[in-house]
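Fit chain A to the known structure of chain B by using the hints.
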Amino acid sequence: MGMGGKVVTVTSGKGGVGKTTATANLGAALARMGKSVVVIDADIGLRNLDVVMGLENRIVYDLVDVVEGRCKLRQAMIKHKQFPELYLIPAAQTRDKTAVSPADMIQLTDKLRPELDFILIDSPAGIERGFRNAVAPADEVLIVTNPEVSAVRDADRIIGLLEAENKGPGRLILNRVKMDMVRRGEMMSADDVTDILAISLIGIVPEDENVVPASNSGIPVTLNENSRAGQAFRNIARRLNGEIVPFMQLDEGGGFFQKLVRLFAGGNGQ
Amino acid sequence: MAGFLDRVFGRVNSKGSGSTAKERLQFILVHDRINLPPERLQAMKEEILAVISKYVAVNSEDVDIALQQRQRDSLIVAEIPFTRPHEDIEKDDPDTPQESNRILD
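Sequence order for the protein chains is B and A.
So the first sequence is residues 1 to 270, counted in our numbering.
So the second sequence is residues 1 to 105, counted in our numbering.
Calculated directly from the structure, the hints in this document are not laboratory data.
Bear in mind that the values here come from a model prediction, so they are computed numbers and not experimental data.
It is possible that some hints are incorrect.
Stated by the list, open to error - Derived EDC-like pairs (lysine to aspartate or glutamate); straight-line CA-CA distance at most 20 Å:
no.	chain 1	residue 1	chain 2	residue 2
1	A	K15	B	D195
2	A	K15	B	D104
3	A	K15	B	E148
4	B	K178	B	E148
5	A	K15	B	D191
6	B	K111	B	E68
7	A	K15	B	D180
8	B	K167	A	D73
9	B	K72	B	D104
10	A	K54	A	D64
11	B	K14	A	D32
12	B	K14	B	E148
13	B	K72	B	E85
Said to hold, decoys possible - Now the in silico label distances, taken between C-beta atoms and shown as ranges:
no.	chain 1	residue 1	chain 2	residue 2	range
14	A	F27	B	G45	32 to 38 Å
15	B	V245	A	Q71	21 to 27 Å
16	B	E165	A	D73	28 to 34 Å
17	A	F27	B	R184	46 to 52 Å
18	A	I34	B	R239	30 to 36 Å
19	A	A66	B	E165	27 to 33 Å
Stated by the list, open to error - Chain B regions said to be covered by chain A (calculated; three or more residues, Cβ under 8 Å):
no.	segment
20	144-157
21	172-186
A virtual CB, placed ideally from N, CA and C, is assigned to each residue, including glycine.
Next up, chain B with everything else stripped away, as it sits in the complex (with noise of 0.2 Å):
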């Protein structure tokens, strides 16, 4: 822990892209990793933080609170089920975005590095106050996005100005990639939007159907076993520790046999 935790925004322009699945997690999967981590909500007037982490029906004070002094830093601090040192900061459903500023948040993550290894800070979609509310403390930003030319581009624009505030270039977290659609040369692959967005890559999430599913039922998706895209998450946890984890080999049913029957599956259209 040396020094105190590390204090790491999740962000990405564009809304939708999951960056709020994502944060949920990388909180999981660092904690399951044995770490004390707490995940802040900074999006504002939209919490959704509370509900992917299923925590929604046990929040009292929310990061409004805790900034205008109505209650203590750990009462607002809601303890996840499974584990003991994950916490949520819950964002204010009823609130605007200007209720809390840049110096708020560096304050708050003053008083939270001490106390605890990670720091993560799930950033509102736009590139307004709640973005820079949640960029102003980073020491790391991590930018979600999905290989889609609008999504890519909003990316870019957040390099850009993380470069501007000298929190950048980050790094990038290449979400819901379908490999046989880039294998089909119909999707950008993660090589193409490294190449356009010139940042290094912490991971590719590939699709997969578990992720809806643990969403609904408040579970991160990290903490199933077989889940591909919770393999992924618990890779770049890793990465965010400091581990060197190499690139989970994508190209799902990838052995020679799989080939083959894809080879005379598709055959006819050569």
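Chain A only, in chain B's frame:
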């Protein structure tokens, strides 16, 4: 046969819409990154051309000034073929350089 081998070894096909996406993004991002509205960009091109034309004869039809991306660096790349030193054109009509180009070619 190449197609057959590509299928066996799962090589990536670069002719699909994925490569279209990449090309479109590269064009979009270089303009996003420079953050200049199109009319300002056009004005800049005209000024560059005006400066160059003070020294050498240039046929504006042949000029290509474009934005390019190399990693995270945005570049203004100009290809400006010139035909002869400026001293000569001063004697000509303002409209003639285009014709003299053709003669020199």
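Now for the hints, and whether the structure bears them out:
1. A:K15 <-> B:D195: Since the Cα atoms of K15 of chain A and D195 of chain B sit roughly 17 Å apart, the hinted pair holds (cutoff 20 Å).
2. A:K15 <-> B:D104: Given that 20 Å is the threshold and the Cα spacing comes to 50 Å, the pair is violated.
3. A:K15 <-> B:E148: With Cα atoms ~16 Å apart, K15 of chain A and E148 of chain B stay inside 20 Å; holds.
4. B:K178 <-> B:E148: Distance of about 11 Å is within 20 Å: holds.
5. A:K15 <-> B:D191: Cα-Cα ~16 Å, so holds.
6. B:K111 <-> B:E68: holds, 15 Å
7. A:K15 <-> B:D180: Holds: K15 of chain A and D180 of chain B sit about 15 Å apart, inside 20 Å.
8. B:K167 <-> A:D73: holds, 18 Å
9. B:K72 <-> B:D104: holds, 14 Å
10. A:K54 <-> A:D64: holds, 18 Å
11. B:K14 <-> A:D32: holds, 15 Å
12. B:K14 <-> B:E148: Judged against 20 Å, a Cα distance of about 11 Å means the pair holds.
13. B:K72 <-> B:E85: Judged against 20 Å, a Cα distance of about 18 Å means the pair holds.
14. A:F27 <-> B:G45: 32 to 38 Å: holds, 35 Å
15. B:V245 <-> A:Q71: 21 to 27 Å: holds, 25 Å
16. B:E165 <-> A:D73: 28 to 34 Å: violated, 19 Å
17. A:F27 <-> B:R184: 46 to 52 Å: violated, 23 Å
18. A:I34 <-> B:R239: 30 to 36 Å: holds, 33 Å
19. A:A66 <-> B:E165: 27 to 33 Å: The hinted range 27 to 33 Å holds for A66 of chain A and E165 of chain B, with Cβ atoms some 30 Å apart.
20. 144-157: Coverage by chain A holds here, the residue count being 7 at a Cβ distance below 8 Å.
21. 172-186: holds (count 6)
Violated hints, listed in ascending order, are 2, 16, 17; each of the other numbered hints is respected by the structure.
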